Each structure stands twice: as C-alpha cells, then as structure tokens.
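In this text, residue positions in the sequence shown follow numbering that gives the first Met the number 0: the first is 0, and each later residue adds one.
Check the hints yourself; a few may be wrong.
[As the list claims (entries may be wrong)] Pairs of lysine to any residue, SDA-like flavour, derived with a Cα cap of 20 Å: (1) Lys-54 x Leu-106; (2) Lys-54 x Val-41; (3) Lys-54 x Ile-103; (4) Lys-54 x Ala-102; (5) Lys-54 x Leu-44; (6) Lys-54 x Phe-64.
These aren't lab readings, by the way, just hints derived from the structure by calculation. Note that this is a predicted model, so its numbers are computed, not measured.
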Amino acid sequence: MYASAPDVVASLLFCLVFVFLWRQSGILDFAYCSLAWALQVVALLCVGLYFSTGKLFWLGPYALFEFAFALALLVAARSGPSRARYTWKSALRLLLGFPLFLAIVYLLGLHSSFEGLQAVHALILGCI
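Can you build the whole structure from these sequences, using the hints too?
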C-alpha cells in the first residue's frame, strides 16, 4: 500500500486554490496555507517512495515534511498583521519536539501500514 495518486492530486489542488486566493487577495494566511499543502504533497511523495521501495530512509523526509506541514498550518492559523513575527518564533520552538515526532513515525512505519501514517496525519490536523 502506498500514497495514492488521488491523495497527492487533492493536496496539490488545495495548494493551488490557496495560491490563487493569496494572489487575488494578498492575504498572507493563504500563502501559509499554500505552503503547508505543498509540503504535504512532498510528504505524500516521500511516504509513497517508502512503501514502494521498502527503504526505511524515506520515513525521515516524510516525518520532516509532515512536521513542516503542521508548522505552516499553525503559523497560518495564528498569523495576523501585528503578530506575524511572534508567530514564527513560537512555531520554531516546536521544532524541539521533532525528534519525538520522528520516533513515532518510525515506530508506526515499521508496521508497514499506511493507515498508521494516516493516523499520525489525522492527529496533527486534530491538534492544530
């Protein structure tokens, strides 16, 4: 089982819609959302490579891009005209939790279950 093409296309579509909204309105929140969904596309491609090749290496980039996806969505949710500088500082502090997140992804990935990796993604979206 691997990341299906509809998942990648749907994430890419979200990215393009938010790019369009950002270009038309100039609202910075849409730029962060488009960045987040572009990172999700790359994360899905990495997890697809993991399941197609079976090499454990691809879980590292997947976890990194999934974590960056969460940070970009967090910044988009908390950004505002007067708080943008402080939002990035608080979001970058979350990088301290990346090793724990990476360990969770590796443990779920060792079961070779795409559903386990989707559970991590659902947990991230739920927390945000």
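Here is how each hint holds up against the structure:
For the given pair, Lys-54 sits about 14 Å from Leu-106 by alpha-carbon distance, which is consistent with the 20 Å threshold. At most 20 Å may separate the alpha-carbon atoms for a hinted pair to count; Lys-54 and Val-41 meet this at roughly 17 Å. Simply put, Lys-54 and Ile-103 have alpha-carbon atoms about 17 Å apart, close enough for the 20 Å limit, and the pair holds. The straight-line distance between the Cα atoms of Lys-54 and Ala-102 is roughly 16 Å, inside the 20 Å bound, and the hint therefore holds.
Of the pairs offered as hints, the one joining Lys-54 and Leu-44 holds, with about 14 Å between alpha carbons and a cut-off of 20 Å not exceeded. Our distance criterion of 20 Å between C-alpha atoms is met by Lys-54 and Phe-64, whose separation comes to about 17 Å.
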